[in-house]
Amino acid sequence: MEKPKPDPRTSIGARLKEFEAAEVERILAACTQCGKCYEVCPMARYSSAPTADGKEVVPGVLAVLRGERGSEAALGWIAVCTRSGVCVPACPDAVDPRMMMRLARMTALGGRGLPKQIETHQDADYFDRVRAFAELQLTDEERKEWT
Amino acid sequence: MAKAVTEAVTEAVTFWYGCNVLRHGDIIHACIDLLRALGYDPHPVGGPDYCCGTVKDANQTAAGGMATRTVGRLNERGARVVAWCPSCHSHMHDFMQHTAERRFEMSYLVELLHARRAELAPLLVHPVPMRVFLHRHVGFNDLVPVNRMVPEILHLIPGVEVIDSGYLAPGYMCASFAGLPKALEDIHQSTAHAAKEARADAVVSIFHQCYRELLGLDAAGAIPVYNYMHLIARSMGLAYEDEYKAWKRAGEGAADLIGPERIAKVGVTFYERAILPELKKRPKLV
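In order, the protein sequences belong to chains Z and E.
Just so it is clear: in the first sequence, position 9 is 8 by numbering that gives the first Met the number 0, and no numbers are missing.
Just so it is clear: in the second sequence, position 173 is 172 by numbering that gives the first Met the number 0, and no numbers are missing.
Take these hints with a grain of salt, some might be off.
Claimed, not checked - Cβ-Cβ distance ranges computed for the label pairs, FRET-style:
1. Z:Pro-49 x E:Leu-167: 37 to 45 angstroms
2. E:Glu-184 x Z:Ala-62: 41 to 49 angstroms
3. E:Arg-198 x Z:Ala-29: 46 to 54 angstroms
4. E:Phe-269 x Z:Glu-55: 31 to 39 angstroms
5. Z:Thr-138 x E:Arg-198: 47 to 55 angstroms
6. E:Gly-266 x Z:Arg-25: 41 to 49 angstroms
7. Z:Glu-118 x E:Arg-147: 33 to 41 angstroms
8. E:Val-124 x Z:Lys-54: 51 to 59 angstroms
9. Z:Glu-55 x E:Glu-184: 23 to 31 angstroms
10. E:Phe-269 x Z:Asp-92: 47 to 55 angstroms
In short, the hints are calculated from the structure, not lab data.
Keep in mind the model is a prediction, meaning the values are calculated, not measured.
Here a beta-carbon is modelled for each residue, glycine too, at the ideal position from N, C-alpha and C.
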């Protein structure tokens, strides 16, 4: 019997989604919610709901990873993460909090198929602008060969 | 111009420059010349068709599709990939290589230049008298120690003095602060103040995403700004014009420099809506 062709709508990026799901499970199992990652974060002060105690924030981040509604403090922190990575050596449980926050951000933005919980800066012209600068900066031949 | 240290090509590489560096054709061309001078045969690739997908956090189906396509294309080339963009390099490390089997070696350009310092030094023949304040971020450095490597590379240039500064901006590059204007404003101000306090001649960025943002300081007359590759190119005797800097300094008048023919290629309406505001943007300085 002929093998059915995979539905491209579900197969595109399937391995990436599997990897992300496995990472979420690993993080949920490893994190002890000590809050050290939040406490060393240089971006926490830019959160819309800053707090002094990381133990109050991290459970909300894990909730987002589980597909639940995040706390205001957690969503505020997720929205300002810019991948400083200072959290990585601060974590006593080898969680890789930078990956935790990246996955939480993807999830909270609705990128992993769950309801959107935060808004982000959207640049509708992003790729058209890149193409326009290629027109301005490269020759026709270079654009044909390189882009 | 400095002579190539190696007559024969030693290795074909794919030079994966990324997307947003297309604002800076001079940087792309200088990197290609530099790789050739070091004995590589670089094939440059980049732009939206080689996007890593890191900008698609809000759509992982799209991000996965882009990563699968780009890893596939780089696999087809087979050669070692030398990445310019820190976003592409870290996204490959963290996510992309999980979408498809990666069949190529991967280096970040700074890593490669640092490893080839002995061959790079004789290419840097022209003095660049400049006291440099290096704009560093705290992120990315754990993947590639650029905050140590770039000063060590710049020290090879006659005349360059890199100020020993403990300055570290949050995040991993300035463009990721696009939606956080207060934080970006703080970075601009702290960079300008620290550079002036250190009596620097110029701020030098490691990443093009920072260069683009920091150029507002240059255009506002606060302090000259360069990318580290500009200093290498100048010392090698490469004479590519930094047109983006000229456009940024000109602001509203950039159209005169770009010229009607090139503006027509991208469309007047698009230029005025999507490019001119970026060229006119200046930081708030206290």
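Hint-by-hint comparison with the structure:
{"no.": "1", "hint": "Z:Pro-49 x E:Leu-167: 37 to 45 angstroms", "in the structure": "violated (21 angstroms)"}
{"no.": "2", "hint": "E:Glu-184 x Z:Ala-62: 41 to 49 angstroms", "in the structure": "violated (32 angstroms)"}
{"no.": "3", "hint": "E:Arg-198 x Z:Ala-29: 46 to 54 angstroms", "in the structure": "holds (47 angstroms)"}
{"no.": "4", "hint": "E:Phe-269 x Z:Glu-55: 31 to 39 angstroms", "in the structure": "violated (46 angstroms)"}
{"no.": "5", "hint": "Z:Thr-138 x E:Arg-198: 47 to 55 angstroms", "in the structure": "violated (41 angstroms)"}
{"no.": "6", "hint": "E:Gly-266 x Z:Arg-25: 41 to 49 angstroms", "in the structure": "holds (47 angstroms)"}
{"no.": "7", "hint": "Z:Glu-118 x E:Arg-147: 33 to 41 angstroms", "in the structure": "holds (37 angstroms)"}
{"no.": "8", "hint": "E:Val-124 x Z:Lys-54: 51 to 59 angstroms", "in the structure": "holds (57 angstroms)"}
{"no.": "9", "hint": "Z:Glu-55 x E:Glu-184: 23 to 31 angstroms", "in the structure": "holds (28 angstroms)"}
{"no.": "10", "hint": "E:Phe-269 x Z:Asp-92: 47 to 55 angstroms", "in the structure": "holds (49 angstroms)"}
The structure is inconsistent with the numbered hints 1, 2, 4 and 5, although it conforms to all the rest.
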